[in-house]
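Enquirer: Residues per chain are reported as follows:
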Amino acid sequence: MLRCNKYIFAESLEEAYELNQKKNNVIIGGNGWLRLRKRQWGTVIDISRLGLDKIEEDAEQFRIGAMVCLSDIEKHKGLNAYTHNALKESLKHIVGTQFRNCVTVGGSIYGRFGFSDVLSIFIVMDSYAELYKGGIVPMYEFAKMPYDRDILVSIIVKKKPLHIAYSSFRNQSTDFPVLTCAVAVGENKITTAIGARPSRADIRTDSTEALKDIEKYASDTAKSFDYQSNMRASAEYREHIAEVLIKRTLEKTEVPYGN
Amino acid sequence: MEIKLWINDKLITDNVEPDMPMLEFLREKGFYSVKRGCETSNCGLCTVWLEGKPVLSCTVPLMRADGKHITTLEGLQKEAAEFGAFLADEGADQCGFCNPGFIMNVLAMERDIDDPTDEEIKEYLSGNLCRCTGYTGQFRAVKKYLAHKRGVNKNE
Numbered sequence: 119m120l121r122c123n124k125y126i127f128a129e130s131l132e133e134a135y136e137l138n139q140k141k142n143n144v145i146i147g148g149n150g151w152l153r154l155r156k157r158q159w160g161t162v163i164d165i166s167r168l169g170l171d172k173i174e175e176d177a178e179q180f181r182i183g184a185m186v187c188l189s190d191i192e193k194h195k196g197l198n199a200y201t202h203n204a205l206k207e208s209l210k211h212i213v214g215t216q217f218r219n220c221v222t223v224g225g226s227i228y229g230r231f232g233f234s235d236v237l238s239i240f241i242v243m244d245s246y247a248e249l250y251k252g253g254i255v256p257m258y259e260f261a262k263m264p265y266d267r268d269i270l271v272s273i274i275v276k277k278k279p280l281h282i283a284y285s286s287f288r289n290q291s292t293d294f295p296v297l298t299c300a301v302a303v304g305e306n307k308i309t310t311a312i313g314a315r316p317s318r319a320d321i322r323t324d325s326t327e328a329l330k331d332i333e334k335y336a337s338d339t340a341k342s343f344d345y346q347s348n349m350r351a352s353a354e355y356r357e358h359i360a361e362v363l364i365k366r367t368l369e370k371t372e373v374p375y376g377n
Numbered sequence: 004m005e006i007k008l009w010i011n012d013k014l015i016t017d018n019v020e021p022d023m024p025m026l027e028f029l030r031e032k033g034f035y036s037v038k039r040g041c042e043t044s045n046c047g048l049c050t051v052w053l054e055g056k057p058v059l060s061c062t063v064p065l066m067r068a069d070g071k072h073i074t075t076l077e078g079l080q081k082e083a084a085e086f087g088a089f090l091a092d093e094g095a096d097q098c099g100f101c102n103p104g105f106i107m108n109v110l111a112m113e114r115d116i117d118d119p120t121d122e123e124i125k126e127y128l129s130g131n132l133c134r135c136t137g138y139t140g141q142f143r144a145v146k147k148y149l150a151h152k153r154g155v156n157k158n159e
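Keeping their order, the protein sequence lines are chains A and B.
If you want my numbering, it's the 1-based position in the first sequence plus 118.
If you want my numbering, it's the 1-based position in the second sequence plus 3.
Just chain B, with the same shape it has in the complex (with noise of 0.2 Å):
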């Protein structure tokens, strides 16, 4: 079937499988950082978003894609490694198989939540599973990186 869609802003058409997840399609197209992980739609790793949403690219039929925009963290390496350091300093990745998945949920958690509150970080990022680090250094990373940009956001 022909589809029409956009990757990180990038204009893409193609002729497809009716059937094809998401996650296949942006894999086969180059978009390493997009995981399989549980592919029961359990653990977060194939978080994209589609569009400005978090989804799971793993339940999503690429069809349902068609005439619209997925950003993959490849779209976000700014903001992605700026996060990612924080999680480097709070030692809160180990294998760090989860870590796309969970970096785009938390930039899309950043955009829903003005200053989220402790309960309102963890409801949000319960869908994404660490089956390395217990969450404990994630969750320092987190608050401290969206202390930092509240910090950045009030000088600007």
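Bound-form chain A, shown alone (with noise of 0.2 Å):
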């Protein structure tokens, strides 16, 4: 259950980053998973009123609030067009409507969690977090990054010219995944991620010519990742999943391969 001294709505994206200086305070997203810690909170700073609910599309890109629920992400046209339904397919499988109305994309790439389904997917599209202070950061490096004071504002995706395709494996339906896996195929590249390894999602980049062996690709990109056992499942059953997964996951894309 979420515990704080005091709950505030921020009126600026400076005062909310002046009040996340101090260490005892946290910035909310949709409560999903800060409710589950056991932590008492001096101070919880809302940033849902500062108009970052919003998914903005031009001919270049989309821009992605970090308050737009992942409900509204799910449904909105422009994207699931882009992504060719992928990013549906990615969200789809976190617990139910109403949770998916409830948390935020800007919570679940802040978090960089490792069971992530958002986190997969955004990874492997020309995708980028624009922080407060740190300005516009790749999202594979983001991805990498050590938690700091900065604040998420909005995930840019740039429309390159993707074939995306996303694919999960889960012990059970709405669960956490054993496995998530996304690729995208575009301009003579292919690149692959595997998340919930369990650790965060991870890509790996090689020219499309690997696709020529696509049961060859899919082994040893299943390979070069590194594994780790939960209660989920071992670190071996999941490389074994992996391969099949980025196979998969590649014929969704329908790009012609073997060829």
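Where hints are given, some of them may not hold.
[Claimed, not checked] A few chain A residues that face chain B, going by a derived Cβ cut-off under 7 Å, partial list only:
no.: 1; residue: L120
no.: 2; residue: N149
no.: 3; residue: G150
no.: 4; residue: G214
no.: 5; residue: T215
no.: 6; residue: F287
no.: 7; residue: R288
no.: 8; residue: Q290
[Unchecked claim] FRET-style restraints, in silico, Cβ to Cβ:
no.: 9; chain 1: A; residue 1: N142; chain 2: B; residue 2: D118; range: 45 to 55 Å
no.: 10; chain 1: A; residue 1: K334; chain 2: B; residue 2: G55; range: 48 to 58 Å
no.: 11; chain 1: A; residue 1: K277; chain 2: B; residue 2: E5; range: 28 to 38 Å
no.: 12; chain 1: B; residue 1: E5; chain 2: A; residue 2: N348; range: 36 to 46 Å
[As the list claims (entries may be wrong)] DSS-like mimics (lysine-lysine), calculated; alpha carbons at most 27 Å apart, straight line:
no.: 13; chain 1: A; residue 1: K210; chain 2: B; residue 2: K125
no.: 14; chain 1: A; residue 1: K193; chain 2: B; residue 2: K32
no.: 15; chain 1: B; residue 1: K125; chain 2: A; residue 2: K370
no.: 16; chain 1: A; residue 1: K124; chain 2: B; residue 2: K7
no.: 17; chain 1: A; residue 1: K193; chain 2: B; residue 2: K56
no.: 18; chain 1: A; residue 1: K124; chain 2: B; residue 2: K147
no.: 19; chain 1: B; residue 1: K125; chain 2: A; residue 2: K206
no.: 20; chain 1: B; residue 1: K56; chain 2: A; residue 2: K172
no.: 21; chain 1: A; residue 1: K206; chain 2: B; residue 2: K32
no.: 22; chain 1: A; residue 1: K210; chain 2: B; residue 2: K147
no.: 23; chain 1: A; residue 1: K195; chain 2: B; residue 2: K125
no.: 24; chain 1: A; residue 1: K195; chain 2: A; residue 2: K262
no.: 25; chain 1: B; residue 1: K7; chain 2: A; residue 2: K210
no.: 26; chain 1: A; residue 1: K193; chain 2: B; residue 2: K146
no.: 27; chain 1: B; residue 1: K38; chain 2: A; residue 2: K156
no.: 28; chain 1: A; residue 1: K210; chain 2: B; residue 2: K56
no.: 29; chain 1: B; residue 1: K146; chain 2: A; residue 2: K206
no.: 30; chain 1: A; residue 1: K172; chain 2: B; residue 2: K146
no.: 31; chain 1: A; residue 1: K210; chain 2: B; residue 2: K38
no.: 32; chain 1: A; residue 1: K124; chain 2: B; residue 2: K71
no.: 33; chain 1: A; residue 1: K195; chain 2: B; residue 2: K56
no.: 34; chain 1: A; residue 1: K172; chain 2: B; residue 2: K71
no.: 35; chain 1: B; residue 1: K13; chain 2: A; residue 2: K193
The hints are simulated quantities; they were obtained by calculation from the structure and are not laboratory data.
Computed from a predicted structure; not experimentally measured.
Think of the CB as a built atom: it goes at the ideal place given N, C-alpha and C, for glycine as much as any other residue.
Assembly of the complex is requested from the two constituent chains, each provided in isolation within its own frame, with the hints serving as guidance.
Expert: As structure tokens, this is what we get:
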């Protein structure tokens, strides 16, 4: 349960940033994860009144405010068209409609949770984390960064022509994934992300030449990641599943291969 | 902290703790349809609408509802009773503890999706857990209720 001494609606990003410099304070997203932590916070900083709950689209990019809830992304026609519904596929298994109406993309991405479906798909796209002080950082770099006291303002997705697909494997529907896999193919490159290893999602990038032998690509790429065991699956099981998921996800992209 | 919100269109002002969950507040105010289930954002028992969208009241901090409208099952009595009759006809409830949250989400789905497919129904309601029934009866009830509503709407 969320425990705090004060709850403040920030009136500006600067105010939120200043408040957030104190280690006992925290910025709240959708409270899906924060509430499960056993900690008494000093001040909970709410940035939900700063207009960060909008998805803006132009000819070159999408700009998704940090406070946009997952269900709004799931229903966004432009994002679904651009990702061939891969983004929707990545989100629809996360707990349920009510949960996705609560939790925010900013909370999911800033948290860089190992189990995150959200991070796994954004990391293969030409996407960026827009930080209040830290500027615009490529998502694959942001995924590796340590936690700091900056604020994630938005997620930017460039409309690079890509074939994108997503798969996840769960022991039980709506549970955390055992493994996640996202693939993006375009501009002679293939980018594959594996998440829930159970550590943070990471990527491998190769030339599309590698797709001449999809079985080998799936096997080599799966082996190139490291895996650990937890209550959901062993490291060996994850590695085995990874090979299958990579192959299936590649097939979903409908990119011709094997020629 | 001072809070002002509307529950089932009734204005309520109060002084509350800054970390109070919406669920606690609603039950304190006598809205006992809002059930305390898993309290880990998984089961859907505590579903209410915030500005018309179904949310988990165990998860939403009460302060975030400041200035907003909350709807509970008590505010949808007529519709709830109508769908509840379909649940009863299909033998779709046993203990009934999950019913209020389930009904809230079915009524939200009815507003959210026109003529949902079987897959859309299952996806929309996947966050409502029931440990008694195995969902088959509930699924039949939802299908028959939606078909009934389509018939009613066509005749209007």
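Enquirer: If a hint holds in the structure, say so; if it does not, say that too.
Expert: Verification of the supplied hints:
1. L120: With a minimum Cβ separation of about 5 Å from chain B (threshold 7 Å), the hint on L120 of chain A holds.
2. N149: 5 Å, holds
3. G150: 5 Å, holds
4. G214: Nearest chain B Cβ about 1 Å off; hint holds.
5. T215: Check passed: Cβ of T215 of chain A comes within 5 Å of chain B, closer than 7 Å.
6. F287: Where the cut-off is 7 Å and the nearest Cβ of chain B is about 17 Å from F287 of chain A, the hint is violated.
7. R288: Since the shortest Cβ distance to chain B is 12 Å, the answer is violated.
8. Q290: 11 Å, violated
9. A:N142 - B:D118: 45 to 55 Å: Given a distance of about 51 Å, which is inside 45 to 55 Å, the answer is holds.
10. A:K334 - B:G55: 48 to 58 Å: Hint holds: Cβ distance 51 Å, inside 48 to 58 Å.
11. A:K277 - B:E5: 28 to 38 Å: Distance hint for K277 of chain A, E5 of chain B is violated at roughly 45 Å.
12. B:E5 - A:N348: 36 to 46 Å: 44 Å, holds
13. A:K210 - B:K125: 11 Å, holds
14. A:K193 - B:K32: Given pair K193 of chain A, K32 of chain B is violated - Cα atoms ~34 Å apart, limit 27 Å.
15. B:K125 - A:K370: 23 Å, holds
16. A:K124 - B:K7: With Cα atoms ~17 Å apart, K124 of chain A and K7 of chain B stay inside 27 Å; holds.
17. A:K193 - B:K56: 14 Å, holds
18. A:K124 - B:K147: With Cα atoms ~48 Å apart, K124 of chain A and K147 of chain B exceed 27 Å; violated.
19. B:K125 - A:K206: 15 Å, holds
20. B:K56 - A:K172: 16 Å, holds
21. A:K206 - B:K32: The hint is violated at about 37 Å.
22. A:K210 - B:K147: Status holds; Cα separation ~25 Å.
23. A:K195 - B:K125: It holds: about 21 Å lies between the C-alpha atoms, which stays within 27 Å.
24. A:K195 - A:K262: 30 Å, violated
25. B:K7 - A:K210: 33 Å, violated
26. A:K193 - B:K146: 23 Å, holds
27. B:K38 - A:K156: Within the cut-off at roughly 23 Å; holds.
28. A:K210 - B:K56: Distance of about 17 Å is within 27 Å: holds.
29. B:K146 - A:K206: 24 Å, holds
30. A:K172 - B:K146: Violated, because 34 Å separates the two Cα atoms, which is more than 27 Å.
31. A:K210 - B:K38: With Cα atoms ~24 Å apart, K210 of chain A and K38 of chain B stay inside 27 Å; holds.
32. A:K124 - B:K71: Distance ~20 Å between K124 of chain A and K71 of chain B Cα, so the pair holds.
33. A:K195 - B:K56: Roughly 19 Å separates the two Cα atoms, so the pair holds.
34. A:K172 - B:K71: Satisfied, since the Cα-Cα distance of roughly 18 Å is no more than 27 Å.
35. B:K13 - A:K193: 31 Å, violated
When each numbered hint is compared with the structure, violations occur for hints 6, 7, 8, 11, 14, 18, 21, 24, 25, 30 and 35.
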